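Visitor: Now for the letters of each chain:
There are 2 protein chains.
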Amino acid sequence: MDKFLARELFAIVYDKKNSGFNNIEVYLEGWIKTNRNNGSIGFIEFNDGTTFKNIQIVYDKTKVKDFDKLSKLATGEAISVIGNFVLTPNAKQPFEIAAKEIKSIGTCPEDYPLQKKRHSFEFLRDIAHIRPRANTFNAVNRVRNALAMAIHTYFQDNGFMWVHTPIITSNDAEGAGETFNVTVGKDASKFFGKPVCLTVSGQLHVETFAMAFRNVYTFGPTFRAEESHTTTHASEFWMVEPEIAFADLNDDMKVIEASLKFCIDYVIKHCPDEMNFFNTMIDKTLLTRLNHVLNSEFKRLDYTDAIKLLEKAVADGYKFENKNIKWGMDLQTEHERYITEHVVKGPVFIINYPKDIKAFYMRLNDDGKTVAACDLLVPQIGELVGGSQREERYDILKEKMDKLGNTKGLEWYLDLRKYGGCPHAGFGIGFDRLLMYVTGMANIRDMQPFPRTPGSIKY
Amino acid sequence: MDKFLARELFAIVYDKKNSGFNNIEVYLEGWIKTNRNNGSIGFIEFNDGTTFKNIQIVYDKTKVKDFDKLSKLATGEAISVIGNFVLTPNAKQPFEIAAKEIKSIGTCPEDYPLQKKRHSFEFLRDIAHIRPRANTFNAVNRVRNALAMAIHTYFQDNGFMWVHTPIITSNDAEGAGETFNVTVGKDASKFFGKPVCLTVSGQLHVETFAMAFRNVYTFGPTFRAEESHTTTHASEFWMVEPEIAFADLNDDMKVIEASLKFCIDYVIKHCPDEMNFFNTMIDKTLLTRLNHVLNSEFKRLDYTDAIKLLEKAVADGYKFENKNIKWGMDLQTEHERYITEHVVKGPVFIINYPKDIKAFYMRLNDDGKTVAACDLLVPQIGELVGGSQREERYDILKEKMDKLGNTKGLEWYLDLRKYGGCPHAGFGIGFDRLLMYVTGMANIRDMQPFPRTPGSIKY
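From first to last, the protein sequence lines are chains A and B. Using this note's numbering, the first residue of the first sequence is number 1, and each one after it goes up by one. Using this note's numbering, the first residue of the second sequence is number 1, and each one after it goes up by one.
A portion of the hints provided could be inaccurate.
In this list, chains with the same sequence are indistinguishable; a pair is considered to hold if it fits within one copy or across any two.
[Unchecked claim] Lysine-lysine pairs mimicking PhoX-like chemistry, simulated, CA-CA at most 25 Å apart:
1) Lys33 x Lys117
2) Lys33 x Lys92
3) Lys458 x Lys190
4) Lys103 x Lys65
Just so you know, these hints were derived from the structure itself, not from any lab. Treat the numbers as computed from the prediction; the structure is a model and nothing was measured.
Excised from the complex, chain A in its bound form:
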């Protein structure tokens, strides 16, 4: 008798190679989701972790030895099952397992927190070690895995090299954003000879590799020590940061659009059951919205024109919380959403932001006032991706850095402009936020295996 995984049984059915498999004997191991019976026949909803869908195990009082004992198997219990794989073309599920023998591998007492009822996400966050077994988090983690592999697949297939930029660093990419300090013992600078912190971005380091390998990307954890208690901020999160040599802002936006569409399409195709679950249980507009993105050409709008549109909206009586629209301001989410939802009605790049509200490494435009930056705005979220062409001109960059006072310690970054420098561009995607967007889930704490936010670290 062969050992099977649930996903292999489903594959047999969906590959339509099933005729030869009907009534073969199989051996399965997994966990009980529910167990009920009508006195003569019992039904176990069974999941072995390899599929989102459950398998129905049927045990018949006339065919198993210990019906009464089996009827007491608990939700959450680990079991092994020997039974016949039976196609059920007229039933809701495509097949079932007619059990011959069911054994308990690991019991599950009555205080198991995941009893059969709806639990709030808040409650589940408090049992993060049990949470992956709940339906929603089964789906979240499957899509997280698929989305991560979509990232790798897109960039590898397009010749980008994955670079493991360092987590512990003495440089701070943005100059903004609070950082976590890393210490050993009491003296902060003892171990590495200088104070170090957790990286907020791998961009500066990965630019080094773009100057050797042309197309590269980071994909790893980054950190912000901000006391933010919002649904979209975490202290630890994964970022994707591609960097492209011999590229300008236009090239950058082409890669952003293509990679994003690829990832959305990949997840819809690789996780149909999970995406239907989210579309049914979490956000009924989800698939419509994602398909709209897939079929939209991403528009482009100059920051200066965006400001004019927002000024007009205020004049027309549109109710922003911040109505004080003026050139030079940072757009808030309400402004971004107005533009992408009400004006463009789809994804839009805002480009050429005022230099003073953007990072030092962004390339100064000829107007002397704006930089070659782009933020991708999408309906319901606002900003999803931020990118820019990098300042490749040594003198202009050095002057900026000297003014900012961050030249010291970043001489190596300037060297990239001195020795065979070239126009280059890149962008950053917050992976956990992208996962929120793709699943329709509303809280970043529900995206991460063990979320880290201020004041909370149980695991």
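Chain A is fixed; fit chain B onto it per the hints.
Guide: Okay, now just chain B, sitting in the frame of chain A:
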């Protein structure tokens, strides 16, 4: 005229679809490795970062306007090239570019540290931001990328889910190993409400996911704050930690052997030029050794039998630095290498180690003295992979943890045995050490984009 990448041109040649491409005009961008001329014809070794091999650009005084200027283009300079793609079936390189126009994109002054001569690895470590452009590090980073994708490919194809276990943690998996503290401001426990550190292993956290998804793996950075100044220790390194539910030590070893062989085979197939480089320039036994591993069945040897073999070796006069062989000791690298190189002459799992020298979570064997652990030893390295079956019996694990004093804060880990627990097993591979093994390189500082070791953090 089409914009091409070097890898596309090589693919044209190797796919043998080349006849239609001969003499087509192409546009390339990249960097000069060397530039020489004989007065009438110039030759540029050109690399655009997309291949390990260089492309030869030929510029002929009679065909380009500015021969003298071109002859002064410097090593390291970024250029664009318009020229004809010409097949050269009788030459060393399969094609060359007959230049029509070459433009400088970014100059490179004479103090460029990568002039054409052999540089020591020590020197290159000190210019980590330029180092990726050196031949050896071009190869190292290409193989690093391929090996990372080999890991993902093997585990994804075998139904394992990638889990992003947290970096910041309040738990310390091994109980051993110094950790880095993470702080904000002066009060260590202010931000998260308790002291936290950088993870030394994702294993305990990922076991949680094995209990929901059966087959899972971590692949991410881990940290050790040890003052080790060896060639194999880094403060920050990537680990792969698969975890398998419904599995024992035998299942574990099967996955270790299969995944390792897959990864070696993948790298040899995906990076033939790079691997030939390492085999020629770094370690002339490399490919022989790796192919031997591919064709070996990994042997298994009980720790107790290994001790007997070592005792016999000492009795026979074999010169170990530590000759004090006795049951219960931790094997040192010299002992491990003796067994794998002189006794087994190939990869070997040492199994069933004394419980007192192994981690608390390893499953106690029936003898009450040993645990179901395995270390994979390979020639020239010693230990490459460590794994174990996990203790799934609640009472035995709790007693161990109570004795060790680490129960508090790890109640959630015990819960995995209380609620539907099952036999499970897993292992850990130090990714950077695996890369050393696969490339034949001798220092972990040369494996990482920006290595972190005690006393050293320039970038």
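Visitor: Of all the hints given earlier, name the ones this structure violates by number, lowest first.
Guide: Violated hints: none; all satisfied.
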